[in-house]
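J.: So the chains spell out like this:
2 protein chains.
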Amino acid sequence: MLKDKNLILADSIRRLLRRGATKSLQKIIKKTHAADLSLVFKELSRVNRINFFQLMTDPEQKGNLFSELEEHIFLELIAQLDIDEIVTIFESMAADDVAELMGYLDETLSDAILEKMKNEDSIEVEHLMSYAEDTAGSIMVPDFIAIKENVGARDVIAALQNDYLDVEMPFYIYVVDEYGKLVGVCSLRQLVVVPPEKPLKEFMATDIVSVNTYTDREDVAELVARYDYLAIPVVDDDNRLVGIVTVDDVIDIISEEATVDILKMAGVGEDYVETQTVLRGTRIRLPWLFASFLGGIAAFFIIGGFHESLAKYTYLAAFIPVIMGMGGNIGTQSSTIVVRGIATGRINTRDIWSVVGKELSIGLILGLIYGLFIGIVAKLRFISEPFSLQLAFSVCLAVISSMSVAALVGSMVPMLFEKLNIDPAVATGPFVTTSMDIVSVYFYFMIATLLLGI
Amino acid sequence: MLKDKNLILADSIRRLLRRGATKSLQKIIKKTHAADLSLVFKELSRVNRINFFQLMTDPEQKGNLFSELEEHIFLELIAQLDIDEIVTIFESMAADDVAELMGYLDETLSDAILEKMKNEDSIEVEHLMSYAEDTAGSIMVPDFIAIKENVGARDVIAALQNDYLDVEMPFYIYVVDEYGKLVGVCSLRQLVVVPPEKPLKEFMATDIVSVNTYTDREDVAELVARYDYLAIPVVDDDNRLVGIVTVDDVIDIISEEATVDILKMAGVGEDYVETQTVLRGTRIRLPWLFASFLGGIAAFFIIGGFHESLAKYTYLAAFIPVIMGMGGNIGTQSSTIVVRGIATGRINTRDIWSVVGKELSIGLILGLIYGLFIGIVAKLRFISEPFSLQLAFSVCLAVISSMSVAALVGSMVPMLFEKLNIDPAVATGPFVTTSMDIVSVYFYFMIATLLLGI
Chain A
48 MLKDKNLILA DSIRRLLRRG ATKSLQKIIK KTHAADLSLV FKELSRVNRI NFFQLMTDPE
108 QKGNLFSELE EHIFLELIAQ LDIDEIVTIF ESMAADDVAE LMGYLDETLS DAILEKMKNE
168 DSIEVEHLMS YAEDTAGSIM VPDFIAIKEN VGARDVIAAL QNDYLDVEMP FYIYVVDEYG
228 KLVGVCSLRQ LVVVPPEKPL KEFMATDIVS VNTYTDREDV AELVARYDYL AIPVVDDDNR
288 LVGIVTVDDV IDIISEEATV DILKMAGVGE DYVETQTVLR GTRIRLPWLF ASFLGGIAAF
348 FIIGGFHESL AKYTYLAAFI PVIMGMGGNI GTQSSTIVVR GIATGRINTR DIWSVVGKEL
408 SIGLILGLIY GLFIGIVAKL RFISEPFSLQ LAFSVCLAVI SSMSVAALVG SMVPMLFEKL
468 NIDPAVATGP FVTTSMDIVS VYFYFMIATL LLGI
Chain B
48 MLKDKNLILA DSIRRLLRRG ATKSLQKIIK KTHAADLSLV FKELSRVNRI NFFQLMTDPE
108 QKGNLFSELE EHIFLELIAQ LDIDEIVTIF ESMAADDVAE LMGYLDETLS DAILEKMKNE
168 DSIEVEHLMS YAEDTAGSIM VPDFIAIKEN VGARDVIAAL QNDYLDVEMP FYIYVVDEYG
228 KLVGVCSLRQ LVVVPPEKPL KEFMATDIVS VNTYTDREDV AELVARYDYL AIPVVDDDNR
288 LVGIVTVDDV IDIISEEATV DILKMAGVGE DYVETQTVLR GTRIRLPWLF ASFLGGIAAF
348 FIIGGFHESL AKYTYLAAFI PVIMGMGGNI GTQSSTIVVR GIATGRINTR DIWSVVGKEL
408 SIGLILGLIY GLFIGIVAKL RFISEPFSLQ LAFSVCLAVI SSMSVAALVG SMVPMLFEKL
468 NIDPAVATGP FVTTSMDIVS VYFYFMIATL LLGI
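Chain order of the listed sequences is A and B.
Going by the numbering used here, the first residue of the first sequence is number 48, and it counts up by one from there.
Going by the numbering used here, the first residue of the second sequence is number 48, and it counts up by one from there.
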């Protein structure tokens, strides 16, 4: 539904560009939200994009668009502008958005831009750029309301109507002491229900949750989500209020972090972006497949070691895929459940033994069920052969052991990684799959060799 | 960091419960946020949980706790209460939270509760319960500010200070006509900058984005996230304003939808919850492994068909794991990238050929690289055998075809599913993995049989 609207819009823009209908295009630009424009830009060809962009005149609207665009389209468009135009646009934007965009530009250009920007703006941007990536400091905005603790309710309301009209999200009034240290918070609602003379310090809430500039943005998002805040204050080491992180940024963080986790679990690497070139995509994905390559080679040598068994019973080979497949799939189930459980806080590493125990039990039960199925297939397929019962039994046991070990490894590895402060998502995917392949194949041939008496 | 705080709290509560230190426990209850209490409850044993809960006296606080708890803990605690206590608690809660909790109770109990609740409260709850799950109607709250279009700015401010003091999130003033139809919206900020006599209809924004009661909650979340709204109005078929969905609920939706997608992709089923019993977990996961079972059996018969090749060259079997593994892993990469790309709107199904073409190219390049590696291993391992070159070449070609077909299938299947309105996440995982296993094995033996001239 949402997408269709923008696809239709992109179609009309294409048509209007072909006809050179500048007036209509400018009307569209004027009435379309920057978030929608950014999606339309993605649909247009490079040439159309640049032509359409050149019809935009309002620097503020260009700024809004820039803060919504994907990196490569932003870089394409900014290449069309001279430095003075860029500076005008950036000066109209929120400092946190400018700081983010600056990160995409090469240093010569970003330095030149900072040089030319109004002093106050460039100081703000440079300040934000100085915080490490993915910290509260790098995503906070300086756009908050801070009022001294001895100001009365009526004066606070007056200040809101006069001094803070340009604050975008005036939900919380932060209360600071004479040194700018955060001491409390009060809501708009409270202001109107207390006597007008009452100073903030007498009715503010003092059990305020704040984060530090270097708090990881994931922790910031977790706090905001847990307590249903609209914004959370960011303080420096001296507890001085230096910014806020707002809920709209938290939404983006939560969605991005989920994507990063998904990509890591699939063994793609967190930096993978769909719009990359073939070569860049190849380079990022190459090393992630290396674990699986090594595991496959290990399995090759293991099977080679059972050369004689295979020579006698060539049919043993035919069960390799189903045994590997069942182990691999249940391992993925277990590790995914645990990794996501850790990420959403539903699983705690303190409960490692109960979680792993449960996964092991499930693996054992499912192994019994599918082992029986596959054993029956083996028995029926070779019903006239003298070795059919031993073969069926070997295959069944191999499936049981492969599936229960997979569930065990799949759940235990992410728990251990989390305890060791290694990101469970990044290590789980390739690690679990690969080790399971090796273990499954080894168990299978060991069991078969023993039972078939080769 | 966040978790540790609650673990320490759970420890003290355990200690205090042992000592029977009721006073201290009640102090803790009083000063702890419901979101934190819900995490603490998860850490406690069943008995401690119930004892601790019985120390809570304030119905409103119990209500806040209920709205944060996991289903099974909520059911455990509610079993301790008689129906009048439940009614008192529910009456203190927001209608949308009560409607959600009602869904967990059996019908006899929920009917009895509705019967006993104050009329206005029960009507609201029943109304919300009547909307289909996962729609805007089922998650909206009736807690909004709606003012007629001809009211002047000053009177609006007065109304906010008098009639709407209990509205939890007073960010947007929705403007309705005489029939209650939504005609505009205005922000708190606008109210204070216009002349006090000016009626709403003269300065409200009219390009208002709203959703219908039956809009899917994922679409609601997408709109709120895209436009950075704090709430979005929900209207009925006659465009009458009936509720709002607030940003804090949107955060939960985004996180839940990501979890659902991750679980579907891992072939666990969207309803999987970590806290389920072993038997229930087994039952949910069993059918998801069936695809992989069928695929394994198919691969078994395919390999069985190449019985003679295997009898002659038993070493062919040793390469099955590496060929299946490489195909399976790149297939997972491709399908994950596409599924997540579709979910986040970065990939559009209109671009199916460019996306699939890119994945195919990457699969081909990576296949060439790893095919060469594995071919070299094969050549070196069997260097003294007369067939070593043909074997190496077969293995190399098998890896190339397996990896490129996997990238092709892995990217095309979710695109096609999305086009056919089948959830790409749910079908991708088991479907892609299983079909890749079969294709890889078949290609490998075909190529080997041809090249080795068996």
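Read the hints as simulated data drawn from the structure, not as lab findings.
Do not rely on the hints blindly, as some may be mistaken.
What the hints assert, rightly or not - A short, non-exhaustive set of chain A residues, derived as facing chain B with CB atoms under 10 angstroms:
hint : residue
1    : Glu138
2    : Gln208
3    : Asp210
4    : Tyr226
5    : Gly227
6    : Ala268
7    : Leu288
8    : Leu310
9    : Trp335
10   : Trp400
11   : Phe478
12   : Gly500
Remember, predicted model here, so these are calculated numbers, not experimental data.
No residue lacks a Cβ here, since even glycine has one placed at the ideal position from N, Cα and C.
J.: Please go over all the hints and tell whether each is borne out by the structure.
T.: How the hints compare with the structure:
Nearest Cβ of chain B to the Cβ of Glu138/A: about 21 angstroms, over the 10 angstroms cut. The hint is violated. Residue-level restraint check for Gln208/A holds (minimum Cβ-Cβ distance to chain B is 5 angstroms; threshold 10 angstroms). At a threshold of 10 angstroms, the smallest CB-CB gap from Asp210/A to chain B is about 12 angstroms, leaving the interface hint violated. For Tyr226/A, the shortest C-beta to C-beta distance to chain B is roughly 26 angstroms, which exceeds 10 angstroms, and the interface hint is violated.
The beta carbon of Gly227/A is not positioned within 10 angstroms of any beta carbon in chain B (closest approach about 25 angstroms), and the interface hint is therefore violated. Checking Ala268/A against chain B: minimum C-beta separation of about 8 angstroms stays under 10 angstroms; hint holds. For Leu288/A, the interface hint is violated, since its Cβ never comes within 10 angstroms of a Cβ in chain B; the closest pair sits about 20 angstroms apart. With its C-beta approaching chain B no nearer than about 7 angstroms, Leu310/A sits inside the 10 angstroms limit, and its interface hint holds.
Residue-level restraint check for Trp335/A holds (minimum Cβ-Cβ distance to chain B is 7 angstroms; threshold 10 angstroms). With a cut of 10 angstroms, the hint placing Trp400/A at the interface with chain B is violated, because the nearest CB-to-CB distance is about 14 angstroms. With its C-beta approaching chain B no nearer than about 12 angstroms, Phe478/A sits outside the 10 angstroms limit, and its interface hint is violated. The criterion of a C-beta within 10 angstroms of any C-beta in chain B is not met by Gly500/A, whose closest approach is roughly 18 angstroms, and the hint is violated.
Consistency note: the structure conflicts with the earlier hints numbered 1, 3, 4, 5, 7, 10, 11 and 12.
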